[in-house]
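Q: Chains as they are written, first to last, in UniProt numbering: chain H, 1 to 95; chain Z, 1 to 488.
Quick caveat, the hints were computed from the structure, so don't treat them as lab data.
No false leads were mixed into what you were given.
Example chain Z residues on the side facing chain H (calculated, C-beta under 7 Å, incomplete):
(1) G192
(2) S205
(3) S234
(4) V307
(5) V323
(6) R324
(7) Y339
(8) S340
(9) I357
(10) Y370
(11) V372
(12) R379
(13) G431
The C-beta atom is built at its ideal place from N, Cα and C for all residues, glycine as well.
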Amino acid sequence: MSLTDDQVRNVARLARLGLDDARVAEHAGELSNIIDVFESLAQVDTDGVEPMAHPLDLTARLRPDEAVPVTTRDAFQAIAPAVADGVYLVPKVIE
Amino acid sequence: MTAEDGIRSLVARRAAGEISAAEIAAHYLERIERHDGDLNTLISVCAERARAQAEAVDAGTAADGPLAGLPLIHKDIFCTEGVNTSCGSRMLDNFIAPYDATAVARLAAAGAVTLGKANMDEFAMGSSNETSYYGPVRNPWNRDYVPGGSSGGSAAAVAAGLAPAATGTDTGGSIRQPAALCGVTGIKPTYGRVSRYGMIAFASSLDQGGCFARSAEDCAHVLGAMAGFDARDSTCVERDVPDYAAALDGDIRGLRIGLPKQYFADGLEAGSRAAIDRAIAELEGLGAELVEIDLPHTDLAVSTYYVIAPAEASSNLARYDGVRYGHRCADPVDLDDLYSRSRAEGFGREVQRRIMIGAYVLSAGYYDAYYVKAQQTRRLIADDFTRAFADVDLIAGPVTQAPAFRLGEKLDDPVSMYLNDVYTLPASLAGLPGMSVPAGFVEGLPVGLQLLAPWFEEGRLLNAAHAFQQATDWHTRRPPGYESQETP
Numbered sequence: 001m002s003l004t005d006d007q008v009r010n011v012a013r014l015a016r017l018g019l020d021d022a023r024v025a026e027h028a029g030e031l032s033n034i035i036d037v038f039e040s041l042a043q044v045d046t047d048g049v050e051p052m053a054h055p056l057d058l059t060a061r062l063r064p065d066e067a068v069p070v071t072t073r074d075a076f077q078a079i080a081p082a083v084a085d086g087v088y089l090v091p092k093v094i095e
Numbered sequence: 001m002t003a004e005d006g007i008r009s010l011v012a013r014r015a016a017g018e019i020s021a022a023e024i025a026a027h028y029l030e031r032i033e034r035h036d037g038d039l040n041t042l043i044s045v046c047a048e049r050a051r052a053q054a055e056a057v058d059a060g061t062a063a064d065g066p067l068a069g070l071p072l073i074h075k076d077i078f079c080t081e082g083v084n085t086s087c088g089s090r091m092l093d094n095f096i097a098p099y100d101a102t103a104v105a106r107l108a109a110a111g112a113v114t115l116g117k118a119n120m121d122e123f124a125m126g127s128s129n130e131t132s133y134y135g136p137v138r139n140p141w142n143r144d145y146v147p148g149g150s151s152g153g154s155a156a157a158v159a160a161g162l163a164p165a166a167t168g169t170d171t172g173g174s175i176r177q178p179a180a181l182c183g184v185t186g187i188k189p190t191y192g193r194v195s196r197y198g199m200i201a202f203a204s205s206l207d208q209g210g211c212f213a214r215s216a217e218d219c220a221h222v223l224g225a226m227a228g229f230d231a232r233d234s235t236c237v238e239r240d241v242p243d244y245a246a247a248l249d250g251d252i253r254g255l256r257i258g259l260p261k262q263y264f265a266d267g268l269e270a271g272s273r274a275a276i277d278r279a280i281a282e283l284e285g286l287g288a289e290l291v292e293i294d295l296p297h298t299d300l301a302v303s304t305y306y307v308i309a310p311a312e313a314s315s316n317l318a319r320y321d322g323v324r325y326g327h328r329c330a331d332p333v334d335l336d337d338l339y340s341r342s343r344a345e346g347f348g349r350e351v352q353r354r355i356m357i358g359a360y361v362l363s364a365g366y367y368d369a370y371y372v373k374a375q376q377t378r379r380l381i382a383d384d385f386t387r388a389f390a391d392v393d394l395i396a397g398p399v400t401q402a403p404a405f406r407l408g409e410k411l412d413d414p415v416s417m418y419l420n421d422v423y424t425l426p427a428s429l430a431g432l433p434g435m436s437v438p439a440g441f442v443e444g445l446p447v448g449l450q451l452l453a454p455w456f457e458e459g460r461l462l463n464a465a466h467a468f469q470q471a472t473d474w475h476t477r478r479p480p481g482y483e484s485q486e487t488p
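Here chain Z stands alone, though its shape is the one from the complex (with noise of 0.2 Å):
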């Protein structure tokens, strides 16, 4: 991709006149038409809205911020007014939100046009984008196999060209994960980075908001919109934004980058392996000076956070109980038949597992046992980061063991499932900002490279990624079969 194709160059040449925001949004529209039917990537299309929001910016009567006339998907756990947000799941397939997420809300106000929103796991719970309510989405680069989840539907969708930018919430690696396996990049925040305000909970000590674009420079603009302090989560924190696009210099020149050698042990697939070590030769190669660093705690990663994220989750989604919103079952004979039966039918069966898992773990007798316990370990891997980054400015390694699966292939064996979130998990687990930029491929497959940094040093982040697609091109690859009249 060269950087006339990117959303800087959009937003100016809609700023001069070359092109209108209809005519932008139209041409979105116009290959989500074309193509959603075989991918599933969205779950609903909000054609009238963005044509109204489009028009709104080229009459003048919208906000004319920075990203002006931009259309962007937005994954269908934000709430947006008006617009139905179902979260992936059968309990909130009636829900219209009645109120914009503030996430949504910020990007509106910078001139964003809404093209859809994105299918995703149900609850966010799922690493393949098998759980929804509303079927699998398929990965453009092949369409036998996962785009990866939670927020699948927004990296496939960004993937083959739906949109520009899409958002999406990490919780353990739900956009580092499938921005790998569909070969975008995405980013997550440090944790309270963006509000949390209208943004379906699923784990609240976890779940951060973020996005997904054909390059970091793309992320940087989207990001910057997003983040920021919001009165109304009160774990948003209180901190300037800085302006992430204008920071990127390209310059990496006596980095100090840390390899985790518990992320290269066994289990790395090998063609992944060699990629990863490619990207990692060509960050050196850049001025990047390589450490390796040691995260003894890496392996208690996947216990604790199947702990912690099934224990907050049960308790957020109590909520739902058919009273206020949602699925209510039809003749409820008392209180708790309309309890238990509108859950029952309301949530799908990764959902229900892991409530009950969080309802098993906070349960008397073993809440010490496992979820102070869990806490414990948590403590003991956010320390490990705290060390690490005492000596070097980033960590890189892989986001992922193995390229995407096939459909199917996980799916009755969630064990299988949560083991393959192990070296995404521990950064969400300590709250660091997250990357994935694409890296290479595997027999077709792409593989992307993680980048994680301190606490609020997403620049950091970003301008290590964008000296990386300066010097790569595996960002510009496309999925076979939507090349064609990708850009407007």
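Just chain H, same shape as in the assembly (with noise of 0.2 Å):
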């Protein structure tokens, strides 16, 4: 099958990635490629087959409910592009 040019723009504002719009066809061309060989998936029957989210199908382990002190938001926001008292900073969002 192959994606139209807005379908490729919804991905792409899905994933938040900014998209040149001369190159929305090229991308559809590419991403159309890439799904067709997902056809053959179509064709198997998997009827009863429970889906695996795993390869060694294990419940998540459990630890015991401590308070643990992080003491690393110094060093973590050290390398951030803008912090302030603390805070990242972002475009405001409520004028």
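Using the hints, build the complex out of the two chains.
A: Structure representation (structure tokens):
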């Protein structure tokens, strides 16, 4: 199947990827070629097959519910693009 | 290679005072200086860190572990405190890791010395090392050819003798395939064997750390130090790590080795086929029993993987938002602009492609048809192995359909690049341990023999590879131009 330009724009929007408008058609072609490979899956009978989310089918391990002090804030914020007074800065969200 | 050249001997010589850790580190740093300009295997050289670590080992102030003084290169996907950890991406070009990955910390605790950070496909997405923001790595056997990917820098560095060993990660073949194309030994352990903490995530249900070295014995030493339970990775398995190196006896008499008929079908290049056939005959000569096996869902692996891995990637890579770390676009006008422009500028083309595929297969209306369906076919593929391992101890076959291809040859054809991975993807989807072992050459380019074992049978895998390497010398061959003064 082939993706339309609008589908490509929608996927890019979902993924928050800025897209150069001049290259939407090129992306549509590439993605369509890849999606075509997936069509073989539709032919497989998977009735009753449990989806496999994890290779070892493990259940999540639990740990004791104990507070652990985290002391890494300064180190983590030292590599942030913009911080002030211990908070991360982004463009104004509410006018 | 004789045992005298291996890791055990190097560590023993240092312990005996014949050579210092500082001299060993200086030897490899000098080789990096001399050769890496041509190969581009490293993104960062950690000369100062390496000298300091080596001096600490010599002074007795560092851990006197089983790898004391052994120099290593880490794939640039593993966080290294205070050192740039780029993951091959412009997105993380400015990222100085604030902590060590568990695998890095464990190797350091064993006494290993970090020489540098290896080049790789961007966010480990690629099979040729051409998607790196830092330019392609070149194959030491022929610099016009790719080293494989995504851990191509690690594999090429070990092949050229820039380090005795290197770490890597394997999501769909990213250790086995470059090991094969560069003629080194590589092991991807069972999913959950090595902690993923501090290992930058691509596809979390598939990603697994492992290593490259000159021999199975050397891999056993490095993997033994890397592996083990870590409470900080919820999928890391709580299970003792055997002493892989001590258990190598090279005896594979009576071992039942399965040959999947699907791995020897059309598509396997004739020269590679001949090399693999000779390697398998060698295993038989060592006492293994060969059995043809059927893995009937093999041909679904490419579609299954290229739905699941991009889906997980699109979710994992959502964290790169230009807010907390990594690339941020200049002068964002609003929050949406900050996200979408930072990501468009920070991610290369292949990464963007995979994020979009992932977002598409997870989107409303397609989720069941693609994502859930692929999770079901993933189980069919894994069940193939469960059935096969009821009858055989190991599986053997090719790693790739052909030796290395030329730089640029497949870069503009993603589908053809993805189809390359047909022999490595099934074991990744099943979470099985696998290796690539040097098994010959086609027109001067290495061929790798793939060995696969049941879950957590890394020891069996390493022992079969060790037996093969006791009887063959493919792993001792060195790329022309990189042989001289190879060992310190």
